[in-house]
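A.B. asks: Sequence:
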Amino acid sequence: MIRTLNIYENPVIGVFATCTEDFALVPPGTNDKTSGMLEDILDVEVVSTLVNGSVVVGSLTKGNSSGILVPKGSAPLPKKIDLPVAEVPGNLSAIGNIVLANDSAALVHPDISDKAIEIIEKTLSVDVKRGTIAGIKTVGMAGVATNHGLLVHPMIKQEEVSILEDIFGLNVEIGTVNYGSQVVGSGVLANSSGYVAGSETTGHELGRIEDALMFD
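Mapped onto our numbering, the consecutive letters of the sequence shown carry residue numbers 1 to 216.
Note that these hints are calculated values from the structure, not bench results. These numbers come from a predicted model, not from an experiment.
Pairs of lysine-lysine, BS3-like flavour, derived with a Cα cap of 27 Å: (1) Lys33 / Lys79; (2) Lys122 / Lys72; (3) Lys137 / Lys157; (4) Lys122 / Lys80; (5) Lys79 / Lys122; (6) Lys129 / Lys72; (7) Lys72 / Lys115; (8) Lys157 / Lys129; (9) Lys122 / Lys137; (10) Lys129 / Lys115; (11) Lys137 / Lys115; (12) Lys80 / Lys33; (13) Lys72 / Lys137.
Using the sequences and the hints given, assemble the complete structure.
C.D. replies: As structure tokens, then:
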């Protein structure tokens with residue numbers, strides 16, 4: 001099965017789209033073939049939307065089975081998304097970049113406010129901890145989390161691995177995407193049902209993704 005694709009002819013699919021166990025949010029104009037692949041591989045309903053008027057939906061939103069986080073001032077998401085939607089306060093508006101989450105835990109940008117953490121905990125129904133991955137504060141782009149595994153930036157430090165394993169209760173594996181990009185969150189969409197990666201991802205990289213997210 002082909003598991004690589006583009007959105008807007010661009011392999012950084014995690015910038016443009018995001019997914020939970022039930023939904024994938026994509027920008028308007030995503031072609032039908034791509035939407036169909038997401039539906040089939042991830043077993044989700046694909047919903048087209050802008051966030052804050054922008055097509056970089058993956059950078060601006062993060063969700064799980066309990067809720068969806070959006071930047072402050074966002075217009076309502078389509079009614080098909082039958083989950084609580086909460087605005088995250090503060091100046092760090094690229095929510096998808098600064099939150100790494102699955103259905104049980106979340107790691108967030110170290111500079112995020114206490115009020116924002118309260119909202120994230122309540123909306124996603126998870127334990128939240130501040131931290132970095134490979135020293136990178138935009139943890140949502142430096143990692144990919146499902147309910148079965150964690151794929152992260154290859155330069156992650158051992159103390160960061162320990163924190164991730166502690167809060168998520170999952171093994172942490174390193175990898176790259178799109179022919180060597182270390183910000184794996186920019187090029188992978190994944191949930192418990194499956195994964196897709198950007199079109200420039202090599203066979204070796206796909207193997208590492210499958211191992212990390214327990215699809216082997």
